[in-house]
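Asks: Sequence lines, in order, name chains A and B. So that you can map any letter, position 270 of the first sequence is 270 in our numbering, and since no number is skipped, the others follow by simple counting. So that you can map any letter, position 115 of the second sequence is 444 in our numbering, and since no number is skipped, the others follow by simple counting.
Derived by calculation from the structure, the hints in this document are not laboratory data.
Simulated pairs of lysine-lysine, DSS-like, Cα-Cα distance not exceeding 30 Å:
hint	chain 1	residue 1	chain 2	residue 2
1	B	Lys422	A	Lys223
2	B	Lys541	B	Lys422
3	B	Lys636	B	Lys392
4	B	Lys461	A	Lys223
5	B	Lys535	B	Lys461
6	A	Lys223	B	Lys392
7	B	Lys422	B	Lys535
8	B	Lys415	A	Lys223
9	B	Lys581	B	Lys535
10	B	Lys392	B	Lys331
11	B	Lys461	B	Lys541
12	B	Lys541	B	Lys415
Covered stretches of chain A (in silico footprint by chain B; criterion: 3 or more residues with CB under 8 Å from a CB of chain B, positions within the stretch not fixed):
hint	region
13	225-236
14	242-249
15	318-324
Beta carbons: idealized from backbone N, C-alpha and C, even for Gly.
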Amino acid sequence: MTGYIIRRILWFVPTLLAVSLVSFAIIQLPPGDYLTVLEAQMGAEGDYNPEVVARLRERFGFDQPFIVQYGKWMWAMLAHGDLGYSFEWRVPVSSLIGEYLALTVVVTAATLIATWVIALPIGIYSAVRPYSLFDYIATIIGFVGKATPNFLLALILMWWAYDTFGADVSGLFSPEYANAPWSWAKVKDLVSHMWLPLIVLGTSGAASLIRQMRANVLDELQKPYVEAARAQGLPEWRVILRYPVRVALNPFLSTIGGSIPELFSGAVTTAIVLNLPMAGPMLLRALVSQDMYLAGSFIFILSVFTLIGTLISDILLTLVDPRIRFEEA
Amino acid sequence: MKDLVTVEDLSIGFDLRELVLPAVDSISFSVGTGETLGIVGESGSGKSLSARAILGLLPSGGKTTGGRISYQPEEGDAITITDLPKNGRAIRKLRGAEIAMIFQEPMASLSPVHTIGNQIVTTLRQHTDLNKRAALARAIELLDQVGMASPAIIAEQYAHQLSGGMRQRAMIAMALSCSPRLLICDEPTTALDATTEAQVVDLLMKLQQDMKMGMIFISHNIGLVSEIADRVMVMYLGQSIEYGLAGHVLRKPAHPYTRALLGALPAFAEPGSELASLQGAVPDLAARPQGCTFHPRCPEYAGDQCKTRIPSVHVVANQHLARCHIHE
Numbered sequence: 001m002t003g004y005i006i007r008r009i010l011w012f013v014p015t016l017l018a019v020s021l022v023s024f025a026i027i028q029l030p031p032g033d034y035l036t037v038l039e040a041q042m043g044a045e046g047d048y049n050p051e052v053v054a055r056l057r058e059r060f061g062f063d064q065p066f067i068v069q070y071g072k073w074m075w076a077m078l079a080h081g082d083l084g085y086s087f088e089w090r091v092p093v094s095s096l097i098g099e100y101l102a103l104t105v106v107v108t109a110a111t112l113i114a115t116w117v118i119a120l121p122i123g124i125y126s127a128v129r130p131y132s133l134f135d136y137i138a139t140i141i142g143f144v145g146k147a148t149p150n151f152l153l154a155l156i157l158m159w160w161a162y163d164t165f166g167a168d169v170s171g172l173f174s175p176e177y178a179n180a181p182w183s184w185a186k187v188k189d190l191v192s193h194m195w196l197p198l199i200v201l202g203t204s205g206a207a208s209l210i211r212q213m214r215a216n217v218l219d220e221l222q223k224p225y226v227e228a229a230r231a232q233g234l235p236e237w238r239v240i241l242r243y244p245v246r247v248a249l250n251p252f253l254s255t256i257g258g259s260i261p262e263l264f265s266g267a268v269t270t271a272i273v274l275n276l277p278m279a280g281p282m283l284l285r286a287l288v289s290q291d292m293y294l295a296g297s298f299i300f301i302l303s304v305f306t307l308i309g310t311l312i313s314d315i316l317l318t319l320v321d322p323r324i325r326f327e328e329a
Numbered sequence: 330m331k332d333l334v335t336v337e338d339l340s341i342g343f344d345l346r347e348l349v350l351p352a353v354d355s356i357s358f359s360v361g362t363g364e365t366l367g368i369v370g371e372s373g374s375g376k377s378l379s380a381r382a383i384l385g386l387l388p389s390g391g392k393t394t395g396g397r398i399s400y401q402p403e404e405g406d407a408i409t410i411t412d413l414p415k416n417g418r419a420i421r422k423l424r425g426a427e428i429a430m431i432f433q434e435p436m437a438s439l440s441p442v443h444t445i446g447n448q449i450v451t452t453l454r455q456h457t458d459l460n461k462r463a464a465l466a467r468a469i470e471l472l473d474q475v476g477m478a479s480p481a482i483i484a485e486q487y488a489h490q491l492s493g494g495m496r497q498r499a500m501i502a503m504a505l506s507c508s509p510r511l512l513i514c515d516e517p518t519t520a521l522d523a524t525t526e527a528q529v530v531d532l533l534m535k536l537q538q539d540m541k542m543g544m545i546f547i548s549h550n551i552g553l554v555s556e557i558a559d560r561v562m563v564m565y566l567g568q569s570i571e572y573g574l575a576g577h578v579l580r581k582p583a584h585p586y587t588r589a590l591l592g593a594l595p596a597f598a599e600p601g602s603e604l605a606s607l608q609g610a611v612p613d614l615a616a617r618p619q620g621c622t623f624h625p626r627c628p629e630y631a632g633d634q635c636k637t638r639i640p641s642v643h644v645v646a647n648q649h650l651a652r653c654h655i656h657e
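I would like the entire structure built from these sequences, with the hints used as guidance.
Replies: Here's what the structure looks like:
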């Protein structure tokens with residue numbers, strides 16, 4: 001197994017190179033570059049200066065062919081951990097995205113965990129008592145939750161919170177903590193602001209998870225090994241948790257890897273509506289203004305997360321299901 | 330001989346909301362200590378259902394619509410199984426401990442995600458006070474008892490790593506782990522090839538003698554049942570159509586259906602004669618024929634009474650019952 005993991009990690013290198021090359025190319029595909037955007041801005045403000053633009057063009061290497069730009073960026077990243085420079089924010093990318101990424105990871109992980117903790121037991125109970133009142137209620141909530149767009153839910157909840165408490169619940173921090181250095185009080189403030197993004201980001205995921213878990217467990221409950229377990233004399237709840245639920249969990253473990261980028265990018269609209277300092281909106285903005293090193297770095301880091309997530313999925317699967325084994329070739 | 334399980338006039342039906350579809354129709358039998366009852370019938374004859382009812386394991390929708398099943402424990406009064414709450418503590422104390430079951434498909438009936446040892450340990454710990462280590466030691470001992478070559482290694486393996494015969498042996502070890510007094514085998518060898526079948530049947534018979542268990546052996550193969558059973562019950566469309574000592578039933582079958590089944594076997598047929606085959610197929614439960622349910626297929630059809638009147642049970646010899654008009 002160790003050998004397998006090392007091999008998988010070695011495969012990260014060519015994969016990441018390919019991903020970064022392609023994403024760098026796609027970022028550059030639209031006509032023009034960041035300086036075109038800058039020129040337009042300067043033109044609008046009436047202080048257009050061709051000399052400044054030309055100097056910047058030379059300094060950032062915009063006059064060089066694409067492959068050279070990519071090579072320089074990659075080299076700086078690998079050799080010095082330098083992710084490049086954000087034109088729009090006028091600071092190095094690495095100093096810019098750290099906190100955004102960290103907050104994204106916190107919100108995303110909390111959402112994932114909350115979704116699982118809430119949805120799995122409901123799904124299991126629905127499967128064990130199908131067509132009961134509880135099952136119908138869970139089904140209705142599930143479908144409504146799945147069908148409601150996240151941003152709409154966000155708007156509704158914000159309006160409701162404002163109407164009821166008279167407070168603005170958007171963002172992840174109260175105004176007095178937004179730019180303050182980290183402290184316990186700031187962490188507490190973060191936690192108290194998390195509930196809204198959790199509900200908004202988690203509802204549709206939880207809804208589909210309930211449906212899937214219900215279907216999986218229902219399938220497994222029909223299998224002969226469940227009856228055999230009953231014939232052993234085990235209590236019903238133990239029969240259900242020990243056998244069908246265990247087997248029904250497999251499909252979810254295999255989706256952990258895939259759900260990471262989905263939560264990152266799927267949260268963009270919500271994060272904009274809720275004014276959350278997360279990676280999604282920042283990536284979107286960087287793409288629109290062709291702030292290519294910032295966008296490229298985001299996509300690169302996202303790819304690393306995805307690869308690691310997939311590897312974790314695969315390792316978990318082999319731990320939970322003995323029928324799955326690593327290929328030793 | 331003391332009877333372990335007595336089934337009296339048991340009827341089972343499926344609740345379809347508008348009606349209850351009868352699946353087993355007032356059958357009676359009993360099994361004593363050390364005795365083997367063979368239940369023979371085609372698919373849909375209700376043989377598995379009847380056996381599952383003893384463990385209170387009817388599939389969803391299935392329910393007992395009449396009659397009773399009682400179990401005589403080693404000490405104390407008889408327990409009426411049909412009165413116990415479904416999946417309640419009382420029935421669970423019997424399952425696996427006093428009455429155990431072996432299923433048809435060992436691959437599907439063993440958990441795909443637990444080791445063989447783990448599954449045996451679970452049963453043991455459910456019904457005994459053994460700690461984990463003692464239970465595992467006992468599990469390995471059991472695997473050795475059912476003829477596994479390297480029991481300690483098998484205990485660490487999963488169902489998919491074993492061959493069909495080994496899986497069924499593992500299943501048997503699991504069923505016997507708490508020394509049950511009654512073992513129900515539901516077509517235990519149907520999924521196995523002929524050589525393995527013979528080995529598993531030999532093993533079951535040996536274990537039965539060693540442990541003095543009562544056994545119910547369900548099969549569609551009347552030849553196989555004839556080799557191991559003391560008493561035989563032949564079922565057709567939910568009814569017991571012939572019941573008696575194996576020697577009687579097999580040598581002097583009293584019901585045309587039993588005769589037809591035996592006539593299809595080389596071992597029981599006249600030398601030189603052609604093997605008989607039974608025409609038609611088992612009708613659907615919902616389309617149960619009027620009168621004698623077997624009359625549309627019966628090779629000894631005896632006129633209108635078969636079509637119109639339900640035959641009653643006749644005693645054809647000592648402890649030998651048959652449900653057919655020809656014995657009137």
